[in-house]
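Trainee: What follows is each chain in one-letter form.
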Amino acid sequence: GENVEQHPSTLSVQEGDSAVIKCTYSDSASNYFPWYKQELGKGPQLIIDIRSNVGEKKDQRIAVTLNKTAKHFSLHITETQPEDSAVYFCAASNTGFQKLVFGTGTRLLVSP
Amino acid sequence: NAGVTQTPKFQVLKTGQSMTLQCAQDMNHEYMSWYRQDPGMGLRLIHYSVGAGITDQGEVPNGYNVSRSTTEDFPLRLLSAAPSQTSVYFCASRGGGVGYVEQFFGPGTRLTVL
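Chains as they are written, first to last, in the working numbering: chain G, 1 to 112; chain R, 1001 to 1114.
Possibly wrong hints are sitting among the right ones.
[To be verified] Listed below are the simulated EDC-like cross-link pairs for lysine to aspartate or glutamate, each with C-alpha atoms no more than 20 angstroms apart in a straight line: (1) G:K58 to R:E1102; (2) G:K57 to G:E79; (3) G:K37 to G:E5; (4) R:K1009 to R:D1026; (5) G:K71 to G:E56; (6) G:K68 to G:D27; (7) G:K37 to G:D27; (8) G:K42 to R:D1026; (9) G:K68 to G:D84; (10) G:K42 to G:D84; (11) G:K99 to R:D1073; (12) G:K22 to G:E79; (13) G:K99 to R:E1059; (14) R:K1009 to R:E1072; (15) G:K42 to R:D1038; (16) G:K58 to G:D27; (17) G:K99 to R:E1030; (18) G:K58 to G:E79; (19) G:K58 to G:D84; (20) G:K71 to R:D1056; (21) G:K37 to G:E56; (22) G:K42 to R:E1102; (23) G:K37 to R:E1102; (24) R:K1009 to R:D1038; (25) G:K57 to R:E1102; (26) G:K37 to G:E83; (27) G:K37 to R:D1038; (28) G:K99 to G:E5; (29) G:K99 to R:D1038; (30) G:K22 to G:E2; (31) G:K99 to R:D1056; (32) G:K68 to G:E5; (33) G:K99 to G:E2; (34) G:K37 to G:E15; (35) R:K1009 to G:E39; (36) G:K71 to G:D27.
Honestly, the hints are just simulated from the structure, not real lab data.
Based on the provided sequences and hints, a complete structural model is requested.
Mentor: Have a look at this one:
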């Protein structure tokens, strides 16, 4: 089955810096790659996603890149703000978007 | 819309007890899922449903039962709780159709089994 690895497990940056979180996946048939943000005591919330027919997608300060050949995808957050502090999860799916396999999460801390 | 709601928020059980975690959504979504979240392991899929009357197993189904009698509700049953089932449980839903890919998660139920 699919296996998703996520790095780093923790990331500390200064406000205004950029943050990059990387994930690799094992199943070349995976075709959907969402990123979720989870704040303390809440459920995960989708922040951006990408499908396998696209190499890059951007939404304001957030961007995701996908390299199908290397089977890895990355989350880029520019101009970080303290409210970006949370746990971020990547995920992959090869079964029509329903069965997501998650990475182990990255705790991002943005210091003022 | 209330979105995805889960009850209870917290629960403590003794080994061997049974209970049902409730999940409801008011978005008329076809697809619903249950995940468990453990420290350092991300979220893992327990069971999912693609519509009323249809359920299937996910990655870690043992010890859990589900049913889907209505579109709105997708309860998760623990028949005989074990300490290994101590976790935070999340329910999620998404609409049907190719354009509806986002899964909406509930606030979670924190379960402790003693």
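Trainee: Work down the list of hints and note, for each, if the structure agrees.
Mentor: Now for the hints, and whether the structure bears them out:
Distance restraint check for G:K58 and R:E1102: the Cα-Cα separation of roughly 17 angstroms lies within the 20 angstroms cut-off, and the hinted pair is therefore satisfied. Among the hinted pairs, G:K57 with G:E79 is consistent with the structure: their alpha-carbon atoms are about 17 angstroms apart, no more than 20 angstroms. Using a Cα cut-off of 20 angstroms, the hinted pair G:K37 and G:E5 holds, with the two alpha carbons roughly 17 angstroms apart. With a C-alpha separation of about 19 angstroms, the suggested pair R:K1009 and R:D1026 falls inside the 20 angstroms cut-off, and the hint holds.
A hinted pair counts as satisfied when its Cα atoms are at most 20 angstroms apart, and G:K71 with G:E56 qualifies at roughly 14 angstroms. Pair hint G:K68 plus G:D27 holds up; C-alpha atoms about 10 angstroms apart against a cutoff of 20 angstroms. A C-alpha spacing of about 23 angstroms is found between G:K37 and G:D27, which places the hinted pair above 20 angstroms, so the restraint is violated. For the hint linking G:K42 to R:D1026, the alpha-carbon distance of about 19 angstroms falls within 20 angstroms, and the restraint holds.
Distance hint between G:K68 and G:D84 is unfulfilled; the C-alpha atoms sit about 27 angstroms from each other, more than 20 angstroms. With a C-alpha separation of about 14 angstroms, the suggested pair G:K42 and G:D84 falls inside the 20 angstroms cut-off, and the hint holds. For the hint linking G:K99 to R:D1073, the alpha-carbon distance of about 19 angstroms falls within 20 angstroms, and the restraint holds. Restraint check: the Cα-Cα separation between G:K22 and G:E79 comes to about 18 angstroms, which is no more than 20 angstroms; the hinted pair holds.
With a C-alpha separation of about 9 angstroms, the suggested pair G:K99 and R:E1059 falls inside the 20 angstroms cut-off, and the hint holds. Taking the CA atoms of R:K1009 and R:E1072, the gap is near 19 angstroms; set against the 20 angstroms cutoff, the hint holds. Note on G:K42 and R:D1038: the hinted pairing holds, with a Cα-Cα distance of about 14 angstroms set against a maximum of 20 angstroms. The suggested pairing of G:K58 with G:D27 is violated, with an alpha-carbon distance near 24 angstroms, which exceeds 20 angstroms.
Proximity of G:K99 to R:E1030 is assessed by CA-CA distance (about 14 angstroms); at most 20 angstroms being required, the pair is judged to hold. For the given pair, G:K58 sits about 14 angstroms from G:E79 by alpha-carbon distance, which is consistent with the 20 angstroms threshold. A hinted pair counts as satisfied when its Cα atoms are at most 20 angstroms apart, and G:K58 with G:D84 qualifies at roughly 16 angstroms. With a C-alpha separation of about 28 angstroms, the suggested pairing of G:K71 with R:D1056 is violated against the 20 angstroms cut-off.
Taking the CA atoms of G:K37 and G:E56, the gap is about 19 angstroms. The hint holds against a cut of 20 angstroms. Between the alpha carbons of G:K42 and R:E1102 the distance comes to roughly 17 angstroms, so the proposed pair stays at or under 20 angstroms and holds. At most 20 angstroms may separate the alpha-carbon atoms for a hinted pair to count; G:K37 and R:E1102 meet this at roughly 13 angstroms. Between R:K1009 and R:D1038 the alpha-carbon distance is near 16 angstroms, which keeps this suggested pair within the 20 angstroms criterion.
Taking the CA atoms of G:K57 and R:E1102, the gap is about 16 angstroms. The hint holds against a cut of 20 angstroms. Restraint check for G:K37 and G:E83: the C-alpha separation of about 11 angstroms stays at or below 20 angstroms, so the hint holds. The hinted pair formed by G:K37 and R:D1038 meets the criterion: a straight-line CA distance of about 16 angstroms does not exceed 20 angstroms. In summary, the hint linking G:K99 to G:E5 is supported, as the alpha carbons are separated by about 16 angstroms, within the 20 angstroms threshold.
At most 20 angstroms may separate the alpha-carbon atoms for a hinted pair to count; G:K99 and R:D1038 meet this at roughly 18 angstroms. A distance of roughly 16 angstroms separates the Cα atoms of G:K22 and G:E2; the hinted pair therefore holds under the 20 angstroms criterion. Of the supplied pair hints, the one linking G:K99 and R:D1056 holds, its CA atoms being roughly 10 angstroms apart against a limit of 20 angstroms. Between G:K68 and G:E5 the CA atoms are separated by roughly 15 angstroms; this keeps the pair inside 20 angstroms, and the hint holds.
As the CA atoms of G:K99 and G:E2 are separated by approximately 10 angstroms, the hinted pair is consistent with the 20 angstroms bound. With a C-alpha separation of about 18 angstroms, the suggested pairing of G:K37 with G:E15 holds against the 20 angstroms cut-off. Of the supplied pair hints, the one linking R:K1009 and G:E39 holds, its CA atoms being roughly 16 angstroms apart against a limit of 20 angstroms. The suggested pairing of G:K71 with G:D27 holds, with an alpha-carbon distance near 8 angstroms, which does not exceed 20 angstroms.
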